[in-house]
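Visitor: 1 is the number of the first residue of the sequence shown in full-length UniProt numbering; add one for each residue after it.
Since the hints were derived computationally from the structure, they do not count as laboratory data.
Errors might be hidden in some of the hints.
What the hints assert, rightly or not - Beta-carbon label-pair distances, calculated as ranges:
| no. | residue 1 | residue 2 | range |
| --- | --- | --- | --- |
| 1 | 292 | 207 | 29 to 37 Å |
| 2 | 80 | 181 | 41 to 49 Å |
| 3 | 378 | 157 | 41 to 49 Å |
| 4 | 124 | 93 | 25 to 33 Å |
To be verified - With a straight-line cut-off of 27 Å between C-alpha atoms, the simulated DSSO-like cross-links for lysine-lysine are:
| no. | residue 1 | residue 2 |
| --- | --- | --- |
| 5 | 83 | 100 |
| 6 | 324 | 4 |
| 7 | 324 | 218 |
| 8 | 52 | 5 |
Each residue gets a CB set at the ideal place from its N, CA and C atoms; glycine is no exception.
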Amino acid sequence: MSYKKLDELNLNLDAYSHALAILGVDEATIMPEGGGNARANAISTLAAISHKNATAPEISDWIKQAQNSSLTHDQATGVNELKRLYEQNVCLSADFVGKKTQTSMNCEQLWRRLRPTGDWKAFAPALKEVVEIARQEAKIRADASGLLPYDALIEQYDPGTRMAHIDPVFSTLKEFLKDFLPKALLKQEIRHKNKPLSPLNGPFEIKHQRALGMAAMKQLGFDFSHGRLDTSHHPFCGGVPSDVRITTRYETDDFLPALMGILHETGHAQYEQGLSQKNSHWPHNKARGMGLHESQSLFVEMQISRSPMFWEWAFDLVSQHLGKKVLAGFDVEDILAHVNLVSPGFIRVDADEVTYPLHVILRYELERDLISGEIEVEDIPQAWHE
């Protein structure tokens, strides 16, 4: 009986998650700007209700009773994972979750409005509110779990991973890349002197770029009966396994950023679409964490999509959708020179294979130090440039 109650609970929580996911995708893609406040209120209210249901006191008894009953291996695994999540989240109130969601959405909507002008001063107060909420959450979770505050937050995204695991790996990688990057740039400069980088023959109409992206998605195995491609300010993969939404953004003078973004998000989508459909409302049958998730997206983007074999196939696909003149005079080596171009920049999603890890390390260090209080929001511009 207790397992049945937990099964019904997970069905209800899964329905809330489904609604929140699709509302969130719509908000980031096609919702008119004027609907922002009402949508933030709706999503934060639903998030609070869902959290209240997920942390109800009686759930603890149901879990204990279920664990003492006769369960299959799969059922026992599901109950254990539900227990882990329950114990993690019961420390937060529904009101806190609602406030956190509202604050985050307000900040993101402001970011979209200010992104074209880069008005940091106008954005900083909203980000400061987000950081304050995150610090509060970190302390609450740390007090309840015995973990360090930032570790308690990492646990929500990549279970079992700790700063003690990350710091030495990132430190070694950062030192290597600081030495390797100048060498790679010098070697690239010499190569370009011998064979200059051929310019791409744009402009590239967005509708044709979208068709190209969808053709690549299909060939990689994306199931369009359970997902779609949209446009957003920042590429992402959202939705639910039965309705996976991925997005990209387009530049008319270069088709590669949008295409590589689509390929990256397709890696995320394939992980979601490949999850078990049996008892999919139970937490142990959902995505395990962002570490595994990102491994799939980066495998598609960095390993598959930057390889000679991929472009031997994709070369004709680009010509088919963007026109033969786009790659007129090009061969596979010419396009690979663009795809694998090492070019330090500020935008992580546009980064190459060499500089991408440095983007991740920088953001990790800033976030870690913000949560610990070592730096404040006002310090971010200086810390970013150090």
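Visitor: For residue 80 and residue 181, compare the CB-CB distance with the range 41 to 49 Å and indicate the outcome.
Guide: holds, 44 Å
Visitor: Below or equal to 27 Å on CA atoms is what counts here, so check residue 52 against residue 5.
Guide: This hinted pair holds, its Cα atoms lying about 16 Å apart.
Visitor: Is residue 324 close enough to residue 218, meaning Cα to Cα at most 27 Å?
Guide: OK: residue 324 and residue 218 at ~21 Å, within 27 Å.
Visitor: Tell me if the straight-line CA distance from residue 324 to residue 4 falls inside 27 Å.
Guide: Status violated; Cα separation ~60 Å.
Visitor: Taking the Cβ atom of residue 292 and the Cβ atom of residue 207, is their distance within the range 29 to 37 Å?
Guide: holds, 34 Å
Visitor: Does the Cβ distance between residue 378 and residue 157 fall inside 41 to 49 Å?
Guide: Roughly 26 Å apart at Cβ, these two residues miss the hinted range, so it is violated.
Visitor: With a cut-off of 27 Å on the C-alpha distance, tell me whether residue 83 and residue 100 pass.
Guide: holds, 23 Å
Visitor: Does the hinted range 25 to 33 Å hold for residue 124 and residue 93 at CB?
Guide: Given range 25 to 33 Å: holds, Cβ gap about 28 Å.
Checked against the numbered hints listed earlier, the structure breaks hints 3, 6; every other hint is satisfied.
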